[in-house]
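These are the residues of each chain, in order.
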Amino acid sequence: MVNQIARFVFLAGSMLLGVLVFQPAPGVGAVAAEASGVPVPSPTKGRGDKCVAETSYIRRYHMNLLSHQRDDTVHDGIRTKQFSLKECVDCHAVKGADSKPVAYDDPSHFCRSCHDYAAVAIDCFECHDSKPQKSAATGEAFRGALLALEGYLKARKP
Amino acid sequence: MSQRRDDQASAQEHSRRDILRGAAALGGVALAPGVTLHLIGGEAAARPVEEAVSDAHRWGMLIDAGKCGDGCQACVTACSEENGWDLDARDPTDSQWIRKVELRDPKSGAERTLPMMCQHCASPPCVDVCPTGASFKRADGIVLVDKHTCIGCRYCVMACPYNARSFVHEPLTDQKAHAPRGKGTVESCTMCVHRVDAGRQPACVERCNDAAGGAMLFGDLNDPTSEISRRIAKYATARVRADLGLDTGVYYRNI
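Read top to bottom, the protein sequences are chains A and B.
The first sequence begins at 1 in my numbering and counts up by one.
The second sequence begins at 1001 in my numbering and counts up by one.
Among the clues, some could well be false.
[As the list claims (entries may be wrong)] In silico lysine-lysine, DSS-like type, Cα no more than 30 angstroms apart, as pairs:
#: 1; chain 1: A; residue 1: 81; chain 2: B; residue 2: 1234
#: 2; chain 1: B; residue 1: 1176; chain 2: A; residue 2: 100
#: 3; chain 1: A; residue 1: 45; chain 2: B; residue 2: 1176
#: 4; chain 1: B; residue 1: 1183; chain 2: B; residue 2: 1137
#: 5; chain 1: B; residue 1: 1067; chain 2: A; residue 2: 86
#: 6; chain 1: A; residue 1: 95; chain 2: B; residue 2: 1183
#: 7; chain 1: A; residue 1: 86; chain 2: B; residue 2: 1183
#: 8; chain 1: B; residue 1: 1183; chain 2: A; residue 2: 81
#: 9; chain 1: B; residue 1: 1137; chain 2: A; residue 2: 86
#: 10; chain 1: A; residue 1: 50; chain 2: B; residue 2: 1176
#: 11; chain 1: A; residue 1: 154; chain 2: A; residue 2: 95
#: 12; chain 1: A; residue 1: 100; chain 2: B; residue 2: 1137
#: 13; chain 1: B; residue 1: 1176; chain 2: A; residue 2: 95
#: 14; chain 1: A; residue 1: 81; chain 2: A; residue 2: 154
[What the hints assert, rightly or not] Listing some non-contacts, in silico: residues in chain B with all C-beta distances to chain A over 12 angstroms:
#: 15; residue: 1140
#: 16; residue: 1142
#: 17; residue: 1212
[Claimed, not checked] Here are the simulated distance ranges between beta carbons:
#: 18; chain 1: A; residue 1: 40; chain 2: B; residue 2: 1133; range: 49 to 55 angstroms
#: 19; chain 1: B; residue 1: 1154; chain 2: A; residue 2: 64; range: 41 to 47 angstroms
#: 20; chain 1: A; residue 1: 64; chain 2: B; residue 2: 1133; range: 16 to 22 angstroms
Simulated from the structure, these hints should not be mistaken for laboratory data.
Remember, it's a predicted structure, so these values are computed and weren't measured experimentally.
Ideal placement from N, C-alpha and C gives every residue a C-beta, glycine not left out.
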C-alpha cells in the first residue's frame, strides 16, 4: 500500500514535471525551449489528418515497423503501403525555400528534426531517397487527367 | 469407374481451359481500332501486394541473339534509366547491371552480339559464398542482394561466372525510390523485381520490344503453356556456361 502511494506520487510528480518541461507556453514555443537550453523538436505535420497508426505508437516503434516491413518487401515481395518507408517520405515531405521537398541533408527534414535531437543516426537515406518521388509523378498525372477532363467538358459545352 | 474419373478430369480440364481462354479474351479491351487497353497482364499477372512471393512461378528470359542488333544499346539504356545507375562518363569500377557482349567465332568470323546480366541461377554461386545471407534467391527464382545485410565483402562478385555484380564505391544521392542503391554494397540486375511484383515486364524487355529488335522475352519457366516455355520447348536454346550446372533462368537462341 505504501509502495502504491509512493508510486502514485512519483508518477504524478513526473507527469507534472513533464508538463512543465515539455509543454512550452503557447506562442513562445521555440523561445521557451531555447531559454531552458533544451531544443525541443518540432517536426512538421504530415499530410492528412493522422498517421498510419496511433502517433504515440509510431513515435515509439516506427523503427521496428520499418525494419519488419523491409524484410517482408525484400525477401517476400510484400509491398503493402501502411508501413512503407516510401509512404513515410511521401507524406512527411517538408518544403524548402524553393518550395521543393528538402533532402535529408537539410536540418529541417522531417526525420532529422527528432533524430538530431535524440542523436540517433539514420542509415536509411544512404540508399533510399529522402525526397518524395511518387507524389510528384501522381500529381503530374492527376493534373494531366484534370486538364483532359476540363478540355472534354469545354468541348461538350454548347 | 476409372474411366469415369478420367472423363470427369478431362471435362474439368476443358472447362478450366475455357475459363482461361475467356480470361485472356477479357484481358485486352479494344478502345479504338489499333488501341488496346490491357487490363490483365498476360504473362505476369500482378500478385496482391500483401501476398508473399511463391515458387509457383519461376521468372526467366529468352534472348534471341539473331534479333539483337549490332551496336544497339536499348536494353542497357532502359535498365540505366529504370534503376538509376550511371551510363555516361563511366569509370571501370562504376556499376553495370547489364552490358552488351560481342562474340566472334575466330574460324568462321561469324559475329553475334547479346545482352549479358545476372542469369538468375537456380543454384547461384553468389548465394553459396555470401557470409551474411545478404545474397539470396527469392521463391520465384529472382536472385537479389539484401543491401540491409550486405557488408560489401564482394565474395559474390568473385564467385559469379557471368561478371554480373558491381560494387558501389562512391556515396550516391537521388536514387530511384523503387531501386535503393548505396555505397558499400553489391548490386546487380534485379530482373526489375518491383515491376514483376506489379505484373509488369522488366524494363530491358519492354524497351527491346517497343523500340528495338524484339529480341527479349520474359515469362514463367514453370508454366508449360507460357510463351517462353513453348519457345524453349520448340527451338534450340543455349545457356551460357551450361557446363557449370547452375540452371540459369536466362536462355539464349542463335549463339
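Worksheet item: Quick one: are residue 64 of chain A and residue 1133 of chain B within 16 to 22 angstroms, going by C-beta?
Response: For residue 64 of chain A and residue 1133 of chain B the Cβ distance comes to about 20 angstroms; the hint holds.
Worksheet item: Does the alpha-carbon distance linking residue 1183 of chain B and residue 81 of chain A stay inside the 30 angstroms limit?
Response: holds, 26 angstroms
Fill in: Assertion that residue 1142 of chain B lies farther than 12 angstroms from chain A (Cβ)
violated, 9 angstroms
Worksheet item: Taking the beta carbons of residue 40 of chain A and residue 1133 of chain B, is their distance inside 49 to 55 angstroms?
Response: violated, 41 angstroms
Worksheet item: Is residue 45 of chain A within 30 angstroms of residue 1176 of chain B, Cα to Cα?
Response: holds, 25 angstroms
Worksheet item: Going by Cβ atoms, does residue 1140 of chain B stay more than 12 angstroms from chain A at every point?
Response: At about 8 angstroms from chain A, residue 1140 of chain B fails to clear the 12 angstroms cut-off, so the statement is violated.
Practice prompt. Run the C-beta distances from residue 1212 of chain B to all of chain A and say if the shortest one exceeds 12 angstroms.
Written response: holds, 25 angstroms
Discussion item. Residue 1183 of chain B and residue 1137 of chain B were given as a pair; does the straight-line alpha-carbon distance stay at or below 30 angstroms?
Written reply: Holds. Residue 1183 of chain B to residue 1137 of chain B sits at ~22 angstroms (cutoff 30 angstroms).
Worksheet entry | Satisfaction of hint between residue 86 of chain A and residue 1067 of chain B, Cα-Cα up to 30 angstroms | Since the Cα atoms of residue 1067 of chain B and residue 86 of chain A sit roughly 39 angstroms apart, the hinted pair is violated (cutoff 30 angstroms).
Discussion item. Next pair to validate is residue 1176 of chain B with residue 100 of chain A; report whether the Cα-Cα distance is within 30 angstroms.
Written reply: Given that 30 angstroms is the threshold and the Cα spacing comes to 17 angstroms, the pair holds.
Discussion item. Run the distance test for residue 50 of chain A versus residue 1176 of chain B: straight-line Cα separation, threshold 30 angstroms.
Written reply: holds, 27 angstroms
Practice prompt. Mind checking the alpha carbons of residue 86 of chain A and residue 1183 of chain B for me, to see if they're no more than 30 angstroms apart?
Written response: holds, 20 angstroms
Comparing the model with each numbered hint stated earlier shows that hints 1, 5, 11, 12, 14, 15, 16, 18, 19 do not hold.
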